[in-house]
Amino acid sequence: MSALLDVSGVTLRYKTSSVVVTATEKVSFSVDRSDRFVLLGPSGCGKSTLLKAVGGYMTPSEGKMRINGREITEPGADRMMIFQEFDQLLPWKTVLENVMFPLLMTRKLNKKDAEVRARAYIEKVSLTRVVDSYPHTLSGGMKQRVAIARGMAMEPDILLMDEPFAALDALTRRTCQDELLQLWEETKFTVMFVTHSIAEAIKIGNRILLLSPHPGRVKAEVIDVDRVSAEDGSAAKLEKQIHDLLFADTATAH
Amino acid sequence: MGEARILMRSDAVAGAVDPSEVERKLGVVELLWNDGFVRKAAIIVFLAAVWEIYGTLLDNSLLFPTFHDTVITMFDKVRDGTIPLRAWASLKVLFMGYSAGIVLAALFTVLAISTRIGTDFLETMTAMFNPLPAIALLPLALIWFGLGNGSLVFVLIHSVLWPVALNTHSGFKSVSNTLRMVGRNYGLRGLPYVARILIPAAFGSILTGLKIGWAFAWRTLIAAELVFGVSSGQGGLGWFIFENRNLLDIPAVFAGLLTVIVIGLIVENLIFRTIERNTVQKWGLQT
Ligand SMILES: Nc1ncnc2c1ncn2[C@@H]1O[C@H](COP(=O)(O)OP(=O)(O)OP(=O)(O)O)[C@@H](O)[C@H]1O
Ligand SMILES: [Mg+2]
Chain A
1 MSALLDVSGV TLRYKTSSVV VTATEKVSFS VDRSDRFVLL GPSGCGKSTL LKAVGGYMTP
61 SEGKMRINGR EITEPGADRM MIFQEFDQLL PWKTVLENVM FPLLMTRKLN KKDAEVRARA
121 YIEKVSLTRV VDSYPHTLSG GMKQRVAIAR GMAMEPDILL MDEPFAALDA LTRRTCQDEL
181 LQLWEETKFT VMFVTHSIAE AIKIGNRILL LSPHPGRVKA EVIDVDRVSA EDGSAAKLEK
241 QIHDLLFADT ATAH
Chain B
255 MGEARILMRS DAVAGAVDPS EVERKLGVVE LLWNDGFVRK AAIIVFLAAV WEIYGTLLDN
315 SLLFPTFHDT VITMFDKVRD GTIPLRAWAS LKVLFMGYSA GIVLAALFTV LAISTRIGTD
375 FLETMTAMFN PLPAIALLPL ALIWFGLGNG SLVFVLIHSV LWPVALNTHS GFKSVSNTLR
435 MVGRNYGLRG LPYVARILIP AAFGSILTGL KIGWAFAWRT LIAAELVFGV SSGQGGLGWF
495 IFENRNLLDI PAVFAGLLTV IVIGLIVENL IFRTIERNTV QKWGLQT
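Line by line, the protein sequences are chains A and B.
Residues in the first sequence are numbered from 1 upward in steps of one, following this note's numbering.
Residues in the second sequence are numbered from 255 upward in steps of one, following this note's numbering.
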């Protein structure tokens, strides 16, 4: 079986009025079904840019990206984005309406079925209590969980998450991470997850792609990440290894 | 050797807290005073009292009739049907101009967000015409459309179109990039994208534009009617004011002015406030 998402030799550039910035250069990787694929790298190495390109918001100036064998040319509901920003929920819709919105807009389900499914996913992220509230009355963590429920309710081919927990406090972040893993155990969805926290990458992912900065290039890929565990210290060891790898250049450069 | 200890406190589990301590009901006076409408009504009552006192002291109903004279005249004119008829005539024209202006503004802004030349067009046009008082176009309108509703509607469109288009466009431009990306993620584009994402997201600015447009239109209309006003035998409120001034029926002039103010207040405080409460305030886009 071929990979769900196949990215080969992708170079992404931003054209501003005065310069052309190369964000990533000749990046290749592939994501299989039910992977928890993590993009890890220092700030500015082009993680968000890569994710936006997979989302269809940017066209690569070199290379190809395919999902299910089809080339990615524009945004589509087969790839649901979950952003870091808290303002990704539509403020004029309640939690329930927000989760139903993409289901209705893409005509995936009729109104009745959409509501049933939306309620089921809201329950999964334990937000049934606020199902009729407007987003501005929710805490940051709750908003992110609604966004996750909204993305998952679409049951897309792949979920694209750009540092969804980065703006949360440490405690809420832990809860959200555990909840995401719990959800994955239930439905085994495919997710591509961007983070700059090594610990979060190890906790969430089963595969980690390490990127080097300016321009972003693939430095290494870590596989079988789910074999390490926090109890016997293997997770801590991996964290140290990845840390040394990522900061090797900066250490020698100075 | 230091070692931290955890002391359990039972405050949080003490159970049945008196609910009145968490949530206290406000008294009647406090409740009323918290209602902006009540506070504004109190101000209006105060102003009416000042008016009455000044009118009585002056004692010259040709210059400045008292409040109660004005109100009595107003009631008479309402009862015999003059004021409702005149107000209706004005509102009918206003409604035509207002809705035509909004339709045009919608067209212009949709054009402006879909093409770059459309943006330039809208920005140039609003920069040119927004500062131009609508009433200044009236002489020209009279030549083009003659004495009648056509001229009125023309100046009304001018007074509504630019503020509404300007506010809507700047509202669209300030919709956050995240929301735009969310909308496109669901495959929305073209008009559905405008209707489902941009308009609700920019609703605060759009409403501001509609309010400004309404205020401009109402003023412009009354002023324009003062200049000519009779069309097909049925003048509006502005004409009513002008007519009664010529008859030296000053209380009626005041009654006409008061009607203009009252209609303005009703639209502003009832219609727009209600829309605001049920949209931007409910969504937390405005406090
Ligand atoms: N809109 C833009 N216009 C021009 N350059 C951009 C733009 N967005 C990002 N870049 C550049 O592209 C590079 C990669 O940016 P990107 O946002 O993908 O980084 P990132 O890995 O997500 O970083 P972070 O962890 O801080 O979010 C950076 O050097 C940045 O300066
Ligand atoms: Mg980023």
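Wrong hints could be hidden among the right ones.
As the list claims (entries may be wrong) - Calculated cross-link-like contacts (lysine-lysine; reagent style DSSO-like; alpha-carbon spacing at most 30 Å):
id : chain 1 : residue 1 : chain 2 : residue 2
1  : A       : Lys112    : B       : Lys427
2  : B       : Lys427    : A       : Lys15
3  : A       : Lys93     : A       : Lys108
4  : A       : Lys93     : B       : Lys465
5  : B       : Lys536    : A       : Lys108
6  : B       : Lys427    : A       : Lys93
Stated by the list, open to error - Estimated spans, in silico, between C-beta atoms of each pair:
id : chain 1 : residue 1 : chain 2 : residue 2 : range
7  : A       : Thr16     : B       : Leu286    : 54 to 62 Å
8  : B       : Arg278    : A       : Ser229    : 47 to 55 Å
9  : B       : Leu501    : A       : His136    : 53 to 61 Å
10 : A       : Ser197    : B       : Leu286    : 51 to 59 Å
11 : B       : Arg278    : A       : Thr16     : 33 to 41 Å
12 : B       : Gly290    : A       : Val131    : 25 to 33 Å
13 : A       : Ala166    : B       : Ala469    : 29 to 37 Å
14 : A       : Thr175    : B       : Ser424    : 35 to 43 Å
15 : B       : Leu286    : A       : Gly44     : 52 to 60 Å
16 : B       : Ser368    : A       : Arg70     : 22 to 30 Å
17 : A       : Thr175    : B       : Thr432    : 20 to 28 Å
What the hints assert, rightly or not - Covered, in the sense of this in silico footprint (three residues per stretch, anywhere, with C-beta under 8 Å from a C-beta of chain B), are these stretches of chain A:
id : stretch
18 : 57 to 66
19 : 77 to 87
20 : 137 to 145
In case anyone wonders, no lab produced these hints; they're calculated from the structure.
Even glycine gets a Cβ: it sits at the ideal position worked out from N, Cα and C.
Here is how each hint holds up against the structure:
| no. | hint | in the structure |
| --- | --- | --- |
| 1 | A:Lys112 <-> B:Lys427 | 35 Å, violated |
| 2 | B:Lys427 <-> A:Lys15 | 21 Å, holds |
| 3 | A:Lys93 <-> A:Lys108 | 19 Å, holds |
| 4 | A:Lys93 <-> B:Lys465 | 24 Å, holds |
| 5 | B:Lys536 <-> A:Lys108 | 29 Å, holds |
| 6 | B:Lys427 <-> A:Lys93 | 21 Å, holds |
| 7 | A:Thr16 <-> B:Leu286: 54 to 62 Å | 57 Å, holds |
| 8 | B:Arg278 <-> A:Ser229: 47 to 55 Å | 52 Å, holds |
| 9 | B:Leu501 <-> A:His136: 53 to 61 Å | 56 Å, holds |
| 10 | A:Ser197 <-> B:Leu286: 51 to 59 Å | 53 Å, holds |
| 11 | B:Arg278 <-> A:Thr16: 33 to 41 Å | 56 Å, violated |
| 12 | B:Gly290 <-> A:Val131: 25 to 33 Å | 31 Å, holds |
| 13 | A:Ala166 <-> B:Ala469: 29 to 37 Å | 45 Å, violated |
| 14 | A:Thr175 <-> B:Ser424: 35 to 43 Å | 40 Å, holds |
| 15 | B:Leu286 <-> A:Gly44: 52 to 60 Å | 57 Å, holds |
| 16 | B:Ser368 <-> A:Arg70: 22 to 30 Å | 27 Å, holds |
| 17 | A:Thr175 <-> B:Thr432: 20 to 28 Å | 23 Å, holds |
| 18 | 57 to 66 | violated (count 1) |
| 19 | 77 to 87 | holds (count 7) |
| 20 | 137 to 145 | violated (count 1) |
Checked against the numbered hints listed earlier, the structure breaks hints 1, 11, 13, 18, 20; every other hint is satisfied.
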